[in-house]
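> On the provided structure of chain P, position chain S as indicated by the hints.
There are 2 protein chains.
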Amino acid sequence: MKASDFALFGAKPKFASPVPVGQLYFPSWERYEAAFRGIFERQYYNNNGPLHEELEARLRAFLGVRHAILVTNATLGLMMTADALGLFGKVILPSFTFVASAQSLTWAGLKPVFCDIDPDTHQIDIDALAALIDDDVSAIMGVNLWGGSCNPHALAELAQAHGVRLYFDSAHAFGCEVGGQRIGGFGQAEVFSFHATKILNATEGGCICTNDDEVAARLRAIRPSYGTEVPVPVLRVANARMSEAQAAVALMSLEDFPANRQNNELLYRRYEAHLAAIPGLRLVRPTGVTLSNYQYMVCAVDSEVFGLSRDMLTGLLRAENVVARRYFYPGVHRCIPYAEQLSETEARLPNTDSACATSVQFPIGARVSPDAVDRICEIIGAAHKHAAEIRSRHDKT
Amino acid sequence: MKASDFALFGAKPKFASPVPVGQLYFPSWERYEAAFRGIFERQYYNNNGPLHEELEARLRAFLGVRHAILVTNATLGLMMTADALGLFGKVILPSFTFVASAQSLTWAGLKPVFCDIDPDTHQIDIDALAALIDDDVSAIMGVNLWGGSCNPHALAELAQAHGVRLYFDSAHAFGCEVGGQRIGGFGQAEVFSFHATKILNATEGGCICTNDDEVAARLRAIRPSYGTEVPVPVLRVANARMSEAQAAVALMSLEDFPANRQNNELLYRRYEAHLAAIPGLRLVRPTGVTLSNYQYMVCAVDSEVFGLSRDMLTGLLRAENVVARRYFYPGVHRCIPYAEQLSETEARLPNTDSACATSVQFPIGARVSPDAVDRICEIIGAAHKHAAEIRSRHDKT
Chain P
4 MKASDFALFG
14 AKPKFASPVP
24 VGQLYFPSWE
34 RYEAAFRGIF
44 ERQYYNNNGP
54 LHEELEARLR
64 AFLGVRHAIL
74 VTNATLGLMM
84 TADALGLFGK
94 VILPSFTFVA
104 SAQSLTWAGL
114 KPVFCDIDPD
124 THQIDIDALA
134 ALIDDDVSAI
144 MGVNLWGGSC
154 NPHALAELAQ
164 AHGVRLYFDS
174 AHAFGCEVGG
184 QRIGGFGQAE
194 VFSFHATKIL
204 NATEGGCICT
214 NDDEVAARLR
224 AIRPSYGTEV
234 PVPVLRVANA
244 RMSEAQAAVA
254 LMSLEDFPAN
264 RQNNELLYRR
274 YEAHLAAIPG
284 LRLVRPTGVT
294 LSNYQYMVCA
304 VDSEVFGLSR
314 DMLTGLLRAE
324 NVVARRYFYP
334 GVHRCIPYAE
344 QLSETEARLP
354 NTDSACATSV
364 QFPIGARVSP
374 DAVDRICEII
384 GAAHKHAAEI
394 RSRHDKT
Chain S
4 MKASDFALFG
14 AKPKFASPVP
24 VGQLYFPSWE
34 RYEAAFRGIF
44 ERQYYNNNGP
54 LHEELEARLR
64 AFLGVRHAIL
74 VTNATLGLMM
84 TADALGLFGK
94 VILPSFTFVA
104 SAQSLTWAGL
114 KPVFCDIDPD
124 THQIDIDALA
134 ALIDDDVSAI
144 MGVNLWGGSC
154 NPHALAELAQ
164 AHGVRLYFDS
174 AHAFGCEVGG
184 QRIGGFGQAE
194 VFSFHATKIL
204 NATEGGCICT
214 NDDEVAARLR
224 AIRPSYGTEV
234 PVPVLRVANA
244 RMSEAQAAVA
254 LMSLEDFPAN
264 RQNNELLYRR
274 YEAHLAAIPG
284 LRLVRPTGVT
294 LSNYQYMVCA
304 VDSEVFGLSR
314 DMLTGLLRAE
324 NVVARRYFYP
334 GVHRCIPYAE
344 QLSETEARLP
354 NTDSACATSV
364 QFPIGARVSP
374 DAVDRICEII
384 GAAHKHAAEI
394 RSRHDKT
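The listed protein sequences derive, respectively, from chains P and S. With our numbering, the residue at position 264 of the first sequence is 267, and numbering never jumps. With our numbering, the residue at position 41 of the second sequence is 44, and numbering never jumps.
None of these hints come from the bench; they were simulated from the model. In this text, all values refer to a predicted model and were calculated from it rather than measured experimentally. Incorrect hints may have been included.
Dumping the calculated DSS-like pairs for lysine-lysine here, alpha-carbon to alpha-carbon at most 27 Å [what the hints assert, rightly or not]: (1) P:LYS93 <-> S:LYS114; (2) P:LYS114 <-> S:LYS114; (3) S:LYS399 <-> S:LYS114; (4) S:LYS5 <-> S:LYS17; (5) S:LYS93 <-> P:LYS114; (6) S:LYS93 <-> P:LYS93; (7) P:LYS5 <-> P:LYS17; (8) S:LYS93 <-> S:LYS114; (9) P:LYS399 <-> P:LYS5; (10) P:LYS388 <-> P:LYS399; (11) S:LYS5 <-> S:LYS399; (12) P:LYS15 <-> P:LYS388.
For reference, chain P alone in the conformation it holds in the complex:
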């Protein structure tokens, strides 16, 4: 490949259609049609339908938790969990996360306090977090990133020592294991996302797991705006019901989880073999787990060594129809309303800023073939090789 072969400079894109990031698993038409025929025949579409109940039971068994409470999406799940745990004042969480982690606190009337991350793993820097705990803090929200974990055992010890609650945004971590134990049962609650881009796909959806019966009872009262009775009083109710249509897809996705996970791992290993040889690219591997879902393929770009900035690499890949993306960007502490609310000290999160500036997510999941990985890595390798010429051509345009 020469510099003039890049689609960025007018050549034909290497992929005829976009290669997406995100799991994007879907069952066959035969299975999908059969599931939806059942829904149609039962004429029951939401509110604890039979598929909904089956999915909750299967998730309880799969995750080894007392309660798996389905919700229409993970953002609502996090909002409800903050309320059901009776939080007040401040909650500490990393800023290197999806904006909804912090926004769930803002809806629940709580103040997010952002902690920095470990530059190598992108997971919470536990010492930095510990330094932020004061009397106004009522909880820690751990975020399990990139199919890895933020060390739930260490966080549990810290939370217990300070008498604060602990729960997790585990949107990235469905099916992952810490010391052989599936993520889902740590802390007082864990929230999963079942968005189409996640390894467990309800097209859109989520699940709150807890082993605490009282928290579960409150969550079940909040989810349907009480429903027809007031089972337990709660401060706020919401509409967070998962439909039968969502549960149907999630059930098939759960059945196929082992195959999807294994396929992701094969793709991941293939990336690893190719990219290890390219200077200036560092794989951010899923850490802190004994089993990963390999749902993400993330690299940090050292632009000096690689030869191109992260944004130049992303733009170059996008021109080839490879939907690489910077993620997360910007850090939540740089978003409205937090950017305006934080003091200079509170907003000093150098490792987060650096991760936001250098991270790139490459395609992995059900719509990515091993051959596609080979070709993507070939483009990345060529980008490094011809970096100087690419920079010079780019500057001229």
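Below, chain S alone, put in the same frame as chain P:
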């Protein structure tokens, strides 16, 4: 029918399967299958998909509004609207409404102030509302009840006179007209519910309508947690995306709206003809509209005259598999957290308390036949006729 013929006293229920309240319309399997095959083939499941875009366009045309913004449910729609309108302090709304109307304010950090209703129409008592406006009030949330309206023109005049914003919970009012104009374009915004029980059915869902481009831009930024860009800055973001699966059902439901509305009206007229003759039952007709969706069949029970209390009548009908229900009950001002927060004066809403104590909702909608209406009314008539004996038998059990 004799007293011993009632299922409440052990006779066989008059209906073999439950006759539900709620529209519960659904298209044929052929149409449903075709729509879902399309979704499957496009492999695109949420986030402004083609059916989503088509539904927004059709709703704009149908309702005559600049923006129809689909959401995953109406509760989220109301929460987002409060934020997008930049509300602060207090918002006045009736207490005789679904709890989510008030709860949307609580999530948005606002204080609900409850006004009483007109005892005849169940709509907002506009004089009572006017008396509650003070400097801390930033908006009025009108609630269009029972396929009728709360007089948007009078409320607009009041809101303008006091410099406060006006928006509507129009969950009950899809397709209704005020002075020949479709509900949806009044005030700064209106929020519809597309729950399965509503005349426009997305199985679950909703829509925010507004003619204000800036409000619409904020709503579109909030709905997908910004999405991949930050189009306009907002205080809070959420996940309120409507899926293709929801939009598909809503599109078919919109196509069949005229037929469903007409069928409801026929059923309503049939109830009217039967019930007018029964002492102690007063129909709460859809008022303030030139066209109603007749989505609700509501009566107020005068227990002295009818002979049985509302709750006795409801229980008696439920034993016959007629899913009549008290609705709304209790009034929102009697629910946690408001019950604990309101002063005695603030909680003095005698017409609301009376409506909560006497209202009953009878089955109407796609799953109710004219014959079923005849038989339901026959049971109600017999209940009145044998009221003394029913009371006496009931007291003994």
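> Would you mind marking each hint as holding or not holding in the structure?
Going down the list of hints, with the structure as the test:
1. P:LYS93 <-> S:LYS114: Answer holds: LYS93 (chain P) to LYS114 (chain S) is near 22 Å, not above 27 Å.
2. P:LYS114 <-> S:LYS114: holds (19 Å)
3. S:LYS399 <-> S:LYS114: violated (47 Å)
4. S:LYS5 <-> S:LYS17: holds (13 Å)
5. S:LYS93 <-> P:LYS114: At roughly 22 Å apart (the allowed maximum being 27 Å), LYS114 (chain P) and LYS93 (chain S) satisfy the hint.
6. S:LYS93 <-> P:LYS93: With Cα atoms ~25 Å apart, LYS93 (chain S) and LYS93 (chain P) stay inside 27 Å; holds.
7. P:LYS5 <-> P:LYS17: holds (13 Å)
8. S:LYS93 <-> S:LYS114: Holds, at about 5 Å.
9. P:LYS399 <-> P:LYS5: holds (18 Å)
10. P:LYS388 <-> P:LYS399: holds (19 Å)
11. S:LYS5 <-> S:LYS399: holds (18 Å)
12. P:LYS15 <-> P:LYS388: holds (20 Å)
Hint check: a violation occurs at hint 3 only; the rest are consistent with the structure.
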